[in-house]
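Chemist: Chains as they are written, first to last, in my numbering: chain Z, 1 to 487; chain U, 488 to 974; chain L, 975 to 1461; chain E, 1462 to 1948.
Treat the hints loosely; a few may be bogus.
As the list claims (entries may be wrong) - Straight line, CA to CA, 20 Å or less: simulated EDC-like cross-link-like pairs of lysine to aspartate or glutamate:
1. U/Lys-883 x Z/Glu-377
2. E/Lys-1769 x Z/Glu-309
3. L/Lys-1312 x L/Glu-1418
4. L/Lys-1370 x E/Glu-1838
5. U/Lys-837 x U/Asp-926
6. U/Lys-883 x Z/Asp-19
Stated by the list, open to error - Incomplete in silico selection of chain U near chain Z, CB under 8 Å:
7. Thr-502
8. Asp-506
9. Val-535
10. Thr-809
11. Gly-882
Calculated from the structure, these hints are not laboratory results. We put the CB at the ideal spot given by N, CA and C, even for glycine.
Protein chains: 4
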Amino acid sequence: MATTLITGGTVVTSTGRADADVLVDGERIVAVLQRGSVLLGTDLTAGVDNVIDATGKYVIPGGIDAHTHMSLPFGGTAASDNFETGTRAAAWGGTTTIIDFAVQSHGQKVQDGLATWHGMAAGQCAIDYAFHQIIGDVNPDSLAALRGLPDEGISSYKMFMAYPGVFYSDDAQILRAMQVAADTGMMTMMHAENGPAIDVLVEQLLAQGKSDPYYHGVARAWQMEEEATHRAIMLANLTGAPLYVVHVSAKQAVEQLAAARDNGQNVFGETCPQYLYLSLEDNLGASSEEWGSFEGAKWVCSTPLRSKEEGHQHHMWQSLRTNDIQMVSTDHCPFCMKGQKDLGLGNFSKIPNGIGSVEHRMDLLYQGVVDGQISLERWVEITSTTPARMFGIYGKKGVIQPGADADIVVYDPNGHTSIGYPVDKDGNPTGRSHHMNMDHSAWEGYEIDGHVDTVLSRGKVVVTDRQYVGAKGDGQFVRRGLSQYLI
Amino acid sequence: MATTLITGGTVVTSTGRADADVLVDGERIVAVLQRGSVLLGTDLTAGVDNVIDATGKYVIPGGIDAHTHMSLPFGGTAASDNFETGTRAAAWGGTTTIIDFAVQSHGQKVQDGLATWHGMAAGQCAIDYAFHQIIGDVNPDSLAALRGLPDEGISSYKMFMAYPGVFYSDDAQILRAMQVAADTGMMTMMHAENGPAIDVLVEQLLAQGKSDPYYHGVARAWQMEEEATHRAIMLANLTGAPLYVVHVSAKQAVEQLAAARDNGQNVFGETCPQYLYLSLEDNLGASSEEWGSFEGAKWVCSTPLRSKEEGHQHHMWQSLRTNDIQMVSTDHCPFCMKGQKDLGLGNFSKIPNGIGSVEHRMDLLYQGVVDGQISLERWVEITSTTPARMFGIYGKKGVIQPGADADIVVYDPNGHTSIGYPVDKDGNPTGRSHHMNMDHSAWEGYEIDGHVDTVLSRGKVVVTDRQYVGAKGDGQFVRRGLSQYLI
Amino acid sequence: MATTLITGGTVVTSTGRADADVLVDGERIVAVLQRGSVLLGTDLTAGVDNVIDATGKYVIPGGIDAHTHMSLPFGGTAASDNFETGTRAAAWGGTTTIIDFAVQSHGQKVQDGLATWHGMAAGQCAIDYAFHQIIGDVNPDSLAALRGLPDEGISSYKMFMAYPGVFYSDDAQILRAMQVAADTGMMTMMHAENGPAIDVLVEQLLAQGKSDPYYHGVARAWQMEEEATHRAIMLANLTGAPLYVVHVSAKQAVEQLAAARDNGQNVFGETCPQYLYLSLEDNLGASSEEWGSFEGAKWVCSTPLRSKEEGHQHHMWQSLRTNDIQMVSTDHCPFCMKGQKDLGLGNFSKIPNGIGSVEHRMDLLYQGVVDGQISLERWVEITSTTPARMFGIYGKKGVIQPGADADIVVYDPNGHTSIGYPVDKDGNPTGRSHHMNMDHSAWEGYEIDGHVDTVLSRGKVVVTDRQYVGAKGDGQFVRRGLSQYLI
Amino acid sequence: MATTLITGGTVVTSTGRADADVLVDGERIVAVLQRGSVLLGTDLTAGVDNVIDATGKYVIPGGIDAHTHMSLPFGGTAASDNFETGTRAAAWGGTTTIIDFAVQSHGQKVQDGLATWHGMAAGQCAIDYAFHQIIGDVNPDSLAALRGLPDEGISSYKMFMAYPGVFYSDDAQILRAMQVAADTGMMTMMHAENGPAIDVLVEQLLAQGKSDPYYHGVARAWQMEEEATHRAIMLANLTGAPLYVVHVSAKQAVEQLAAARDNGQNVFGETCPQYLYLSLEDNLGASSEEWGSFEGAKWVCSTPLRSKEEGHQHHMWQSLRTNDIQMVSTDHCPFCMKGQKDLGLGNFSKIPNGIGSVEHRMDLLYQGVVDGQISLERWVEITSTTPARMFGIYGKKGVIQPGADADIVVYDPNGHTSIGYPVDKDGNPTGRSHHMNMDHSAWEGYEIDGHVDTVLSRGKVVVTDRQYVGAKGDGQFVRRGLSQYLI
Ligand SMILES: [Zn+2]
Ligand SMILES: [Zn+2]
Ligand SMILES: [Zn+2]
Ligand SMILES: [Zn+2]
Ligand SMILES: [Zn+2]
Ligand SMILES: [Zn+2]
Ligand SMILES: [Zn+2]
Ligand SMILES: [Zn+2]
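Turn these sequences into a full structure, and let the hints steer you where they fit.
Modeler: Structure below.
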């Protein structure tokens, strides 16, 4: 295979920066070396197949999005990105690994669910991928299967305290699964919302004629996220299972996580770009000429966008700085407005839950660097290094060092990225500027003071010169080990 | 200068491990490269002057001890290690940088204090050194000087809420200094104990005839550390100054730090090996044939060793895991029992305060890895990487990457280190096993399941084959920038 | 009806003491007057029918036990005290009002459950009684009935987060009921334990052969009480319902209650004598000649007795001092060892849950005064005045003032009470010393430095000279208003 | 002496209400009796000298203002109310006892300070009075004197963490005094603000030309109140002294107090009407035609009025409901604008600190009842019963019961009180409506939906029919015992 030298850039790690070149041989990084790449008199530049000039740019480990849902069946439809379109969009945005969720549905065998997802992904992906396992039906059989998952390269599983009748597990089920996790070292991922209580509120709001997307945010009150977060923490405390709470959006939930960690528990939290930038008022409460007050459907996801009046967004950025929240994933789960989101016209509870962001995570978080919310190092940490450590792929992914997969992004701080559907001077759309399979953008109008310049996936350039040059099937399944954070 | 290749080892960073070789050219690291060191067909091993075989060993960035007091005048005597003996002992123990404290005494100019310390250190050191500045007399003059210190490569200063009449600053003085720190980005380091209140307790205990070393620990009650920590935090909150609390020993003080960080404040804490292993009961309360109940004088330091009954030590290890405490320094301040500590016979308040540990920090913390208290990565983080980031020398120090100083330790997990003064089978001392200028060891009898194998300081091997092969004056002054942790 | 003067005593209220006489006319108190009872020259002593000499004694409002379960069906048997025996025992112990729990079982109408309890109590009681309503089946019908209960003099209802399949309500049901409570001002009483999770632990312990009563305490871990307490608080926060958590035993649950109150929520907590004095180690873990390790069955109740090693009992007394716990009830639910508790021989989960204490609450708490745990005023507050205010009968009950029912206890601080089954000098039992319908005492051997001297129930002396002189049917149903604590 | 019957009213206590009459014989209450006052056939109404008809009104224990400063020397002037004018105004407002502060100045003997205050008050007062002792100079002599104060009927003393050079005590002094308090059971009252730090901010603001009253509030930042509160708590924790923090205004300080109480410490807090109603923005930041931006001087007091934007006032009402703040005093310390407050024209630090409210406390807090902030019972508790219990005069004061001083207020919930300087229809002042010796009112324009109808002081009617009918010298010195709250 080819050799590549990325030269002249600033290598950014989770702890600092180095003016250094990176030498790639085939799929792997073989050296990080002094800028100029002359070692003991040998000019390495001369011998390589390709040279990428990264002068004035950041060289970072490829993004790892640890929470995506390609093709996820939900509410009678399915997420609009499949593994092909979704991972290609990810590549466009500087993400070189996703960890998606295989689903065990009610009544199904865990192994069968996993096989289905392997089938959907194999040969389709633009970048490497791994799986968490959703356990949708805890029973002696599935608990036994759960115990075997680490041998399959699946070291984490997810449960839902929401969605009764669908993915929901009750506390008895959670307890049993967590006991397996404590034994095996698997990470328990939790969707922490009190679903049974929320469903009452949903029913009551609808009965009152409050059917707009805005009421999705009202029904899923922060109290029910805080509560479920605390409950998950105590079940983890009782069993000794490590716990990772997904898509944290309420500041009060963060306080629960922080208290548990200060108390010595192995508890972690993830947030998503939407909880940093978007809000109940501005987005769920939005209206447009096209959709009226149903415009907010674009941002219906769970946990919901929170009130900016209450200050959740501000607090969530702070939590990234203080490490009370450890990393940022997207919970990428896109649905088109036409034919999907519009299933919920007149009834917000029928709107498929999800936002598409897999392409924008690296950019949106980089904007946090520009805005002074986080440091450049913290950007790399929360988008790549910590996800790798958290989910057992560090060394292969999440770091630029010899032996690691050459998943590398050259990021241009002098570039610019406009997200959304630009219009020309007459107001006519010029064609969409993103690559996800959606008929709209949840991030319409966001301007980023930076740009994903070049993307390498296992040594192969897949994005360069604003072109996708990879191929379907480039991506491989990644077997994961246990989380590095376990003590 | 010579080239060196460290080959066959496992490079450990604060985030993970890599099987990789490290190439050194002169004083700097020039590459981290695949094990075997063949790049594009070129065998780098052939061309280097020296090869260090690190097979089966850890290759880590040299230790950074951010809190030492060589030759510090205290209580009518002075710390028994000077910059020569102290830095040589540090090198023996795998520490390749110290940050010592220059002192401005009452009535003195800051510049003069700093010049004195430069004078004491220059040409004496075995390893690189830097300075924090103690501000012992806040006045318009010293505040102006403080503002200029970053230009001198001094980006942090220390104040004392204890020791009235000596180093003590009152709250008005602390406020004024912190305002300068908030302006300049300097780190405020705080000795957080309520000195005026403690001195009342000291006087009362002595009046009651309670003069043994044990009462040093009684007088310096945890409430007075917790209180001062909180006070420092609030003064920092008011001024916006970043705060770093030194030698944290009380679990309640940790809780104050954790709460402030969760609240978004730039607040950090350091602990020391003595607060992880030693206790009021076992050490301050010790007695021996030689010294009777004055034996405890060996462990008189401030903040004091805390009660193990109250669980501080256990909590302090936990704080290292949860990052509520960010790093470990020694507060190395050695005094001999004869002629120094014994000044306090019959009056614990006359015992010079300090313990000598500069040589043992890397080993003692590695034992925490063996004991399952912290991970291998966390060991590197709290002993080297975080100190470098915290005090503005990261990139040059604290990391193994191209461009960094070649301060490298090869650590042998299969080696063993016995600390203290071993005796032969007849009970006769066989000569001391440490290299600090002390007539005893505070760590007598500690056994470490690991060993400092080889130490490079800026590319030069200074410790190898259990021999010190460096020279006085090898170490240079390191100018420091601002802390990397400031947002 | 007759007039009575209680003269020479010290009237103790929840805020202080007065040397005063109390004049009773028929069923009511008509005056509290200066000791000696001469008003404007009129000697009232002369004109009364009875004079009770309270010299050297405390005159207090009769005890109110807000948590009893006479004849409660549980686990295939029923509480061994019925309304006759239980209220008579209460009277013996200085309690003049109980609030018992009417039960709506699954599938039953609330009104029918209430009618059943009215039927069981009417004409049987020695003292006045009121009812809380247990809602065991939340549905549209029972919610409507709940809304009407205040008109029946029932201003509080209880739900269970434990006992799935019996009394258990899920979070959706709790939410709906709390909404009614928020509308009506009714108090929500909560049995706060995570039943579904606990039942898993029970099953697993039994499967491991751990069938002794001790494991009842192990299975019902404090984490599951803390968790449920927090969950109830958040559901109350969301709905605006006032919340009263019954039988709090874990110190961590108290912390949750305290935090909620400091945060401004209408949240209250009750503890019971068993959580102040008894423990997992000493009682659930007890063994005897007669019963072996099944001896612990005497103290099987839920929430369970907690570990004294963990310090819950100490913390619970403290909570009474700081008002983080507002009052003390008994959760009186007695079962005999023979024929009832012994249903659980070989399987702790079959042991009927409950302890009999209704007779001893006033004495056991008075001992807290003697031991310096609480003040004399606090004793009156937590046993009578606060229960009356909390549950809407203050003015009629819980206070000595004109217009109040003459429910009065003369308590002798120089008396003594030995609880349990005394033996004569040959070790032969001399007959039981308590009056509850139990074949043992949970308080065997407790010695109290005080004695219930005289008890008046609505003006009638029912206990005097160590004799019960009242009659079945003396007690009447008390209609209750809303809690006085609602703002 | 005369006998009086107060008939037809509702007696309100800290725990509830009773429709009852109150019989007074001479200076004392001799009975609380059924409304109608017929006992055993004797109509008491017939025999009394005076009958007060309280029909439709509340009969409450006279107000106790535990924090006043009559004639206090401050900043080169003295509080404008002396004991004659101040206590008369108190009587007008339904307050029948004040606890003022005797002052030991620097260099003075405690006994001499106390004697001076006895001299100023004796024969001057309209109502009863007691003293706390300010200790302005801790030394062996004053500590010995402190120990003797309980024998003088002085069971509490106050220290200042603010006002360096005037009343300030350093932490060593506070520790020594608290040790005496722990021994004797005396209550330590603390002015909790970090004076040395605040004085730096004052100096800096003035140097920047920020001299308006508004900057008084800026300089005395909440951080410095929170900090000092925590420090006082920890010194109390160390010594075991009970602690009462005066004039709490910052919500963060309340959190410190609440945490300490939940932790079992004997810690209490008082707030004042100004911290419930007034704010930095509206009052310190006020301007007027007459005074321009110096208008704010009317509300210069310490601790200062807090920002309503930050929500302190809202939180302070909540704290009264949750009992995190136990009582309300005025800190009455009036100064006229002309000749006193105007000393600080051009320099806010020269404005005498203080607000006059002694006349309005009962009304202003009653308005909290009308507004739904607190219950009627809580009103009586925080204005009379708790002050009496807290400061050792309960039984004699603070309660309506036989043996108590007949300090009684008949309060009319249908009356109305307009505070301030009303103007006629032409805008001309019609004469002031208050009776304090001030040339303005800090409460101008406040309208109260209630009215102090009749006031009895030790059995003598002193206010009736909107007239003061008492006399100078009616009031006597009250010797106080220890706080009832000590366990
Ligand atoms: Zn989810
Ligand atoms: Zn998801
Ligand atoms: Zn220090
Ligand atoms: Zn030091
Ligand atoms: Zn229960
Ligand atoms: Zn019960
Ligand atoms: Zn004050
Ligand atoms: Zn004052």
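Chemist: Within 20 Å, alpha carbon to alpha carbon, are U/Lys-883 and Z/Asp-19?
Modeler: Distance ~12 Å between U/Lys-883 and Z/Asp-19 Cα, so the pair holds.
Chemist: Holds or violated: U/Lys-883 with Z/Glu-377, Cα cutoff 20 Å?
Modeler: holds, 16 Å
Chemist: Do the alpha carbons of E/Lys-1769 and Z/Glu-309 lie within 20 Å of each other, as the hint requires?
Modeler: Within the cut-off at roughly 17 Å; holds.
Chemist: Is L/Lys-1312 close enough to L/Glu-1418, meaning Cα to Cα at most 20 Å?
Modeler: holds, 17 Å
Chemist: With the threshold set at 20 Å, check whether the alpha-carbon distance from L/Lys-1370 to E/Glu-1838 stays at or below it.
Modeler: holds, 16 Å
Chemist: Under 8 Å is the threshold here; is the Cβ of U/Thr-502 close enough to any Cβ of chain Z for the hint to stand?
Modeler: holds, 6 Å
Chemist: Checking one constraint from the list: CA of U/Lys-837 to CA of U/Asp-926, max 20 Å. Satisfied?
Modeler: holds, 19 Å
Chemist: Should the interface hint for U/Asp-506 be scored as holding, given a Cβ-Cβ cut-off of 8 Å against chain Z?
Modeler: holds, 6 Å
Chemist: Quick check on the hint: U/Thr-809 CB to chain Z CB, less than 8 Å?
Modeler: holds, 5 Å
Chemist: Please check whether U/Gly-882 passes as an interface residue: C-beta within 8 Å of a C-beta belonging to chain Z.
Modeler: With Cβ-Cβ at 6 Å, under 8 Å, it holds.
Chemist: Against chain Z, with CB atoms and a cut of 8 Å, does the hint on U/Val-535 hold up?
Modeler: holds, 7 Å
Of the numbered hints given earlier, the model fails none.
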